[in-house]
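Q: So in full-length UniProt numbering, spot 24 of the sequence shown is number 24, and the numbers just go up one at a time.
Just so you know, not all the hints are guaranteed correct.
As a list, the in silico SDA-like pairs of lysine to any residue whose alpha-carbon atoms are at most 25 angstroms apart [stated by the list, open to error]:
| no. | residue 1 | residue 2 |
| --- | --- | --- |
| 1 | Lys10 | Phe110 |
| 2 | Lys10 | Leu113 |
| 3 | Lys123 | Pro62 |
| 4 | Lys123 | Phe110 |
| 5 | Lys10 | Leu28 |
| 6 | Lys123 | Pro13 |
| 7 | Lys10 | Leu106 |
| 8 | Lys10 | Tyr114 |
| 9 | Lys10 | Leu24 |
| 10 | Lys123 | Ser15 |
| 11 | Lys10 | Phe66 |
| 12 | Lys123 | Ala61 |
| 13 | Lys10 | Ala65 |
| 14 | Lys10 | Lys123 |
| 15 | Lys123 | Ile8 |
| 16 | Lys10 | Ala61 |
| 17 | Lys10 | Leu107 |
| 18 | Lys10 | Val49 |
| 19 | Lys123 | Gly109 |
| 20 | Lys10 | Ile120 |
| 21 | Lys10 | Ala119 |
| 22 | Lys10 | Glu116 |
| 23 | Lys123 | Arg12 |
| 24 | Lys10 | Val20 |
| 25 | Lys10 | Gln112 |
| 26 | Lys10 | Val27 |
| 27 | Lys10 | Ala117 |
| 28 | Lys10 | Val21 |
| 29 | Lys10 | Pro50 |
| 30 | Lys123 | Gln112 |
| 31 | Lys123 | Leu11 |
| 32 | Lys123 | Leu113 |
| 33 | Lys10 | Leu118 |
| 34 | Lys10 | Ile69 |
| 35 | Lys123 | Trp14 |
To be clear, the hints were calculated from the coordinates, so they are not data collected in a lab.
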Amino acid sequence: MRKGNDYILKLRPWSLSTFVVALLAVVLATATQEMFASFGMQFYFAAFVPAILIAGLMGGAPAGAFATIITVPIVWWVFMPPYFEFAWPTADDYDSLATFLLSSALLLGFSQLYREALAILRK
Numbered sequence: 001m002r003k004g005n006d007y008i009l010k011l012r013p014w015s016l017s018t019f020v021v022a023l024l025a026v027v028l029a030t031a032t033q034e035m036f037a038s039f040g041m042q043f044y045f046a047a048f049v050p051a052i053l054i055a056g057l058m059g060g061a062p063a064g065a066f067a068t069i070i071t072v073p074i075v076w077w078v079f080m081p082p083y084f085e086f087a088w089p090t091a092d093d094y095d096s097l098a099t100f101l102l103s104s105a106l107l108l109g110f111s112q113l114y115r116e117a118l119a120i121l122r123k
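When you get a sec, could you build the whole thing from the sequences and use the hints?
A: Take a look at the structure:
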């Protein structure tokens, strides 16, 4: 069996390093989303979906859930109008949030299954 993706199983779930990786992925996604916003694109969660996937693959479901939980207030505060204020979301904002949470849950489930399959194949 090829050992090209061993780095995925190096980090153990619930360790501090997994949460640091998740935080770094969200920070990088925030910078990328800010770049998108500066070009006038208003895809609130577009840059954060790959960050959730990376956090889930690298650190398992706990790190991915942590990245999802810290993404919601960041997007709500920084990228949803009125900017840099917490205001009641509109119906469209609720739809975007629900879609993001559903897709994040699916990504976390698949990334956890992938990690478990890799662990089984390594034995």
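Q: Which constraints among the numbered hints does this structure fail? Numbers only, ascending.
A: Going through the list in order, the structure violates no hint and respects every one.
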